[in-house]
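These protein sequences, in sequence, are chains X and B. Counting from 1185, one number per residue, gives the positions in the first sequence under our numbering. Counting from 54, one number per residue, gives the positions in the second sequence under our numbering.
If you're looking for bench data, these hints aren't it; they were derived computationally from the structure. Each hint can be trusted.
No more than 30 Å apart at the CA atoms, straight line, and that leaves these computed lysine-lysine pairs for BS3-like:
| # | chain 1 | residue 1 | chain 2 | residue 2 |
| --- | --- | --- | --- | --- |
| 1 | B | 247 | X | 1292 |
| 2 | B | 247 | X | 1323 |
| 3 | X | 1321 | B | 261 |
| 4 | X | 1281 | B | 247 |
| 5 | B | 261 | X | 1283 |
| 6 | X | 1292 | B | 261 |
| 7 | X | 1321 | B | 247 |
| 8 | X | 1321 | X | 1281 |
| 9 | B | 261 | X | 1323 |
| 10 | B | 261 | B | 247 |
| 11 | X | 1283 | B | 247 |
| 12 | X | 1269 | X | 1282 |
| 13 | X | 1467 | X | 1503 |
| 14 | X | 1281 | B | 261 |
| 15 | B | 261 | X | 1282 |
| 16 | X | 1332 | B | 261 |
| 17 | X | 1327 | B | 261 |
| 18 | X | 1323 | B | 341 |
| 19 | B | 247 | X | 1191 |
| 20 | X | 1269 | B | 247 |
| 21 | B | 261 | X | 1269 |
Chain X side only, calculated, beta carbon under 8 Å to chain B, not exhaustive:
| # | residue |
| --- | --- |
| 22 | 1289 |
| 23 | 1290 |
| 24 | 1314 |
| 25 | 1315 |
Glycine included, every Cβ here is placed at the ideal spot set by N, Cα and C.
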Amino acid sequence: MTDLKIKIENLYKVFGANPQSMLKHIEQGISKKDMLEKHGHVLALNAINIDIPARGISVIMGLSGSGKSTLIRHINRLIEPTSGKVIIDGENILSMKKKQLLDFRRYKASMVFQNFGLHVHRTVAENAAYGLIIQGKSKNEAKKLSQKWIERVGLGGFEDHYPSQLSGGMQQRVGLARALATDAEILLMDEAFSALDPLIRTDMQDVLLDLQEELHKTIVFITHDLDEALRLGDRIAILRDGAVIQQGNPQDIIMQPANDYIADFIQDINRGRVLRIKTLMTKGKTVAGPNLVQHRTLEDALTEVASSENKACNVTDNKGEVLGSITLDQIISGLVRVKLESNTETRYH
Amino acid sequence: METILNWLTKFPALDRESLRDIKKAIDSSFRDFSREFGESLETFFEPLLWFLVGLEKLLLATPWPIIIIIIAGLAWLGSRSIKIVVGAVISFLLIGFFGMWDDTMSTLAIISVSTLVCISLGIPLGILMARSNRMQSLVTPILDIMQTIPAFVYLIPVVMLLGIGKVPGLIAVCIYAIPPVVRLTNLGIRLVDKEALEAANAFGATYKQRLFGVQIPLALPNIFAGINQTIMMALSMVVITSMIGVAGLGVPVLRSISNQYLALGLMNGLAIVALAIIFDRVSQSYGKRLQKHRVGEQHD
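Chain B with its partners taken away, still in its complex shape (with noise of 0.2 Å):
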């Protein structure tokens, strides 16, 4: 009578001991596959650090009146507006004027490449998600492990993997960045029109020229707007990639969580949402233009 009462009340879990084997299996077993393996990844993902560091060196070499001028150059092509413009130039100077100049560059170097990254990976991905349903679905909830999981928790394994410095950071900004250009692509390919790409089948299109000529083009929009999200989730990322040793904006902002350094942390947080704010305005007013086939809709 008494052990059915104790079972009802308390849950049957494992005992402690074989729970600690589990997990030390685990984690051994991992070990044992960063060590054999820790080292070649590492010149795998050797290219992609020689090309961070290399923008980052670029970035922080060029006397800053020139990166300023070349920030106002891509905000004006991507967004044909003076008023953004003036806007992006401003936040520049003012950044730099408060000091946080070297730390924006190294910012803007590590979403430079990790917005590449996610780009050269999501597109072909959610291309490859459109094709096919089991795709989608097969897709879909490890999208969403990466959206929901929380970034220390993929931090372990990545910092076992590779160490701590800039190619784990990039990973991790990746991991949480990726999922919306691959949804939206996906999303955009799937939402095209079904009449428009018949055509394309009834004139014989293959499925490359069905691809490149019908649906990316058409679905352009959505992608745009994924690109965007995409930047945007990493930035967001800064401050916790800081963590395991990336430099940037959020690197004082850990600083100053650490020692309550209320006025540093407001500036760098405000220099990241600036950048945020220059990227979305940019790359959206950019995905718009995109769509000057939409521009004589309402006139007959």
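Isolated chain X (complex conformation) (with noise of 0.2 Å):
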């Protein structure tokens, strides 16, 4: 979980008719606004920092215009940088020559869309091949390879059908075959879910969860919608007008928003649902009461604290080892939502 997969180092991205003369203007900290009404640029990308760990999801949140779909093109260098690195293992992509940045593609990193950007004239199998086939395999090979992936995502069967013949739901899983089929080890996926209806949505998340306990890729998820990013993330960055506001673990980001901005944003969630009792626990302390597993969320482990006999538990961690106690107050508090304007003092360190 902790070793550096993606690391992106000062990444700037400007739209305009000279980009590089916007530069300087960068460095005297020129805001978004004043750069597109006195010169006439959009900055779209601010200053990005953000470091993607192997393994897990790392989820990268914001509203439409946050410029998180242009971040995401410049780590397969869809879209080339003003200025900054794109680091993955070791090597910065923005040095990598044509055939290099080709391999990049089609070996190391894989994407999902958010129209599913499938190709209308293929079938299941021939989009679900695509990868392989741009790799320079057999026909055969290729179809072998990837039936596999079909099956995996629940398309079996459909093989011979065109994208049209399918709901969206289905079309945006033979967008994660195709993805999955080439082996990749690092998944991109922009909105990936954002044009499925809820429930689909909900669907299309937990294959995708069961997909990452089995094969523990580094993924890359772009997305607007918070009880998304929240479901999803190992980590989460959040972006707003280009420039990266807060990033971490999405515990840490309920409970200590970094401005009102992102106050305001979680205040609808479900912190029932979201927060764990190791989030909120007293570290060390322990309780006569019963034990519960660390990753529990409040709501889950309400009741047993409610009705254990000191409104107390022992918080423990997968293997049973106890790391600390929870009490009923703990948890009715966690469940208050952060109030905006008052309370600034716990919001801000």
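Reassemble the complex: the two chains are provided individually, in unrelated frames, and hints are given to aid placement.
This is how it looks when you write it as structure tokens:
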């Protein structure tokens, strides 16, 4: 979990007629608004520094226009940055030659798109095999290798259908199978589930989590949906106006939002279902009471804590070792929303 | 005072002499050019001439029932529609019955060859245009000129260069008929879904893999619409090419204009229309059949 896979360093992206000429204004700390009004350039990404660990799901979240889709396209260099570095496994992909870059895209990073990006003139089987064909594998081999993934995402029997004959959820399964079939270590998902109905979206999130449990890929997931970010993310980075305003563990972001914008953002989430007892426990203190595993949510633990004799439980790690304890009062205070305006001290440390 | 008034009422044009000199200079330099290169250009186009003459001879030498069977077969391959096949067969039978068989075969030959030339030049040009905006802004005005300049105007230099005959006729047809296939190839490629193309990029496709694997297949319906238009425009040139000595249905039409033969003009004109309709229906339904992946669009 801790080894670094992708390191984005001081990345800037300016859209406009002469992006390089804007760099000196950026150094002077120009705002996005000023750059657009005075110079007619759009500052899409501003001093992005993100570390993405291997074998986890890192979510980059932001509203539309925050630059998140631009950012993910820098990771496989579909978009060239104005300045900065994207280091993957110690190699800066921005200094790669054309051939190296093609190989990087073929073997190391695959991508899933918001509107699926399927090739409508290919069948499900041909779409799923596309990455392998591009790698240069023979038709038969590509078909054989991709068949496993078609079945794995639940599309067995639909091989000869065309994308237009499938529902949105099924089309995105094809997109997922295509991305998985190349066996790339890095999976880039650009709002992959955003175009789907809520129920199907949850379904697909389950599919992804399920796959991840087995595959342990490095997944970069872009979304505008906070619930989705919290559900999937091992880490979350929140993007606003092209800059990262907070990044870290989801639990930390909820407990300590960096500013009012984020506090406002997390207002409406169901804290009881997102926060885990480990986040709120008092470390090291043990109580006389039942043991609960650390990753249980507050909602999940509430009845047991409430019905215990001392209104308190011990929190253990996955092996049963006691880490600390949690009381009913702590749970209740955890369920209370962070108030805006007041209470600023606790929010800003 | 008077000179100013004169200057205002009469456009300050070049005087007649200098104008004449300019025209003369252009004419004589082009004449020199055609003397210098006319022959080598003719040799350059010779294979095309052989092809055209060969095809025409073949069509004329083949017994008519075989031609009709071949046409029915092609119509079936293209359209998979009995209605179109029957329509085509009846049209050709009528054409033969009214004594226009030979002219129709000549016209078929020149239309086929010019369409092939237009496709083999037009599609690559359209691909280049889709690849760069500069190319597009360079080629578009040329295509505009080719489509709007009166055919008689470009017939002059073509005839000066190559004389009267089949090849200049073929070139005139191609100048007029190539723009649609170029334009629609360009348009079709540019209209290809951005995300489908981006997906190809993200998986490491090269330019060639993108072009042949994604762009052209997805642009095919538009490219086919362009080919269809090119055939139609080539047919509409039949009468004009007959003025510079191309055999075919245009010749009797031309004769009937100068002699006021209403029936002859009408019959041959209708034969051209019949050819146009057959070509149009067959190529259109073939274009539609290429989109078999859209068949299930409405069902979920």
